[in-house]
Structures are given as structure tokens and as C-alpha cells.
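*Asks:* Whole structure, please, built from the sequences with the hints as guidance.
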Amino acid sequence: MAGKHFLSAALLAAAVAALPAAAAETETGSEQVVVINGSRSPEMQPYRYMLSGLDAFDSQHALAPDAQQLRFRLHAKKKAPAGSFDNLVVRLSGSETDIPVPLAEDHSFTLPRSAEAERDNADVVLNQKKSYYGWMPDVRSAGVPADMRRLGDIRLECRVLVAIAKNYIPFLVRATINTLMLTTDWCSFKDFDMSMRSDRAIASATLVDGTHRLELKVGEDGKNYSVPLNDKAYSNDALIEFTFE
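Residue numbering for the sequence shown is -23 to -1, 1 to 222, as defined by mature numbering (1 follows the signal peptide of the UniProt record, and there is no 0).
Hints are supplied without guarantee of correctness; some may be wrong.
Restraint-style ranges between C-beta atoms, simulated for each label pair [to be verified]:
#  : residue 1 : residue 2 : range
1  : 155       : 32        : 17 to 25 Å
2  : 147       : 36        : 38 to 46 Å
3  : 180       : 59        : 25 to 33 Å
4  : 155       : 43        : 24 to 32 Å
5  : 43        : 188       : 20 to 28 Å
6  : 91        : 192       : 19 to 27 Å
7  : 42        : 155       : 22 to 30 Å
8  : 194       : 119       : 24 to 32 Å
9  : 177       : 147       : 15 to 23 Å
10 : 38        : 93        : 21 to 29 Å
11 : 36        : 60        : 36 to 44 Å
12 : 95        : 149       : 22 to 30 Å
13 : 165       : 194       : 19 to 27 Å
Please keep in mind that the hints were generated in silico from the structure rather than gathered at the bench. All C-beta atoms in this analysis are idealised placements derived from N, C-alpha and C, irrespective of residue type, glycine included.
*Replies:* In C-alpha cells:
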């Protein structure tokens, strides 16, 4: 049984990592898309794949009922030049589609639902090098302090991320993972810890739910922490408290 759980966890990690140049620099990178001199890069994030994430947000909204919208947040990687966000532009681009996507001050954006862009097989594109940025779904429930995270929000972010990643995974691999986990909801796998990124260096992170407290593993660089998504002792309303360096 332990071997089966290990194999399932390994397959799940590999599957999420299949999201091209994915979201988090640690466990999932981030496919970044680029427009150079008016031409469309062949390596883009398809809009129809991102719609899978919007669908997951809607269908699993009960995990974070006070989160009004799904956002996608960009972060600059180490190789990005200083001030790389100053002139960053995000668009939906297709043969007959050109829709600007406003970028907020926290470098996040929402994707509109556009039948035109879907028919046109449009892509989400950036105007800078794809290697400069990573991205992650960003779910924030109303009332949660800015320096804390709610567990249900992160659980929903996982559903969004995996829904997008599944578009890149061959059918037989998806079927194998479903069989080993006995579920199509990979984020519900009991041994799945999700690596999360912090904007500020943290010394410690603690998951708190009433009298229950759990110290979370923090990466050596202090910018990543690991969240046990399916610890039954912690409800969706559990909060993660940080001690910042």
C-alpha cells in the first residue's frame, strides 16, 4: 500500500509539472507566452486551457465561497531584469482576436470569458520573454488578512492549476493517475502537499484551526512553504500564519 501511495504521489507531481514552463518555480513552472515584433510565439498558453481553470473555480467554489473571482498572478523570476513589470502587457491574441487584459498593481489579472477568443483558438500572451515570469492561480477570500492565507483558498487554487495542467497530459497518463488515486480529483489525494510561494521571506509558517496547530515546512530560501492540502484536522477556514524574516 505504501508503494502504491508513493507511486501515486510521484505521478501526481510529474503530472502537475507537465504544465509547460509552469506556475510556481518550485513544483510547477509557468508557461510564459510572448509577442515579439508583432509575431505570435508558437509557445503560448492556450486560452481554452485557461478556461479549464475558470470552470474549476466555478464548480469548486464551495471551497472558498467568499472569494469573488479567480485571478492569475505573475511573479518575476531571478533572470528577469530590474523593472521588468514596468512595461509588461498581457493580451488575448488570435488570428482575429486582440483583447487587452489589464494588469493590477500586484501583477495579477483576470481572464474574461470570450466566445470570440475561444472560437479563434486565442492565446494568453505577454510582450516580454517567456523565461522572465512564472504564474499561479490566486484565490483570496474576503476578510482574510493580507499577511495570512486561508486553506480553502489554496485548495481551490490547486483545483484550478490541475485543471489547466490536465490539458497537457496524455489520456493514458491521466487514466493511470485516476486509477491509482481512485479519484479524478487529484488535489484530494491524501499525501499531496502543495508548494506555495511567498512574496516576502518567511522564517516560519503555521497552519492554525482552533486549537490545532501545524508547523509547515519552509524552503531554504524562505520563499516557499509546503501545505498539506488534505489533513482532515484542518477545515477550509483554517489559516496559515507567517513569521517574516
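*Asks:* A separate judgement is required for each hint: does it hold in the structure or not?
*Replies:* So, going through the hints one by one against the coordinates:
1. Between residue 155 and residue 32 the beta carbon distance is about 18 Å. The supplied range of 17 to 25 Å therefore holds.
2. Between residue 147 and residue 36, the C-beta spacing of about 23 Å breaks the proposed range 38 to 46 Å.
3. Against the hinted window of 25 to 33 Å, the Cβ-Cβ separation of residue 180 and residue 59 comes to about 26 Å, which satisfies the hint.
4. In this structure the supplied range 24 to 32 Å holds for residue 155 paired with residue 43, their Cβ-Cβ distance being about 31 Å.
5. Judged by the Cβ atoms, the range 20 to 28 Å given for residue 43 and residue 188 holds: they are separated by roughly 24 Å.
6. For the pair residue 91 and residue 192, the supplied restraint of 19 to 27 Å is violated, since their beta-carbon distance comes to about 44 Å.
7. Checked against the given bound of 22 to 30 Å, the beta carbons of residue 42 and residue 155, roughly 27 Å apart, stay inside it.
8. For the pair residue 194 and residue 119, the supplied restraint of 24 to 32 Å holds, since their beta-carbon distance comes to about 29 Å.
9. Roughly 38 Å separates the CB atoms of residue 177 and residue 147, a value that falls outside the hinted 15 to 23 Å.
10. Separated by about 25 Å at the C-beta atoms, residue 38 and residue 93 satisfy the suggested range of 21 to 29 Å.
11. Between residue 36 and residue 60 the CB atoms are about 39 Å apart, so this pair conforms to the stated range of 36 to 44 Å.
12. Between residue 95 and residue 149 the CB atoms are about 27 Å apart, so this pair conforms to the stated range of 22 to 30 Å.
13. Taking the beta carbon of each, residue 165 and residue 194 are about 21 Å apart, inside 19 to 27 Å as hinted.
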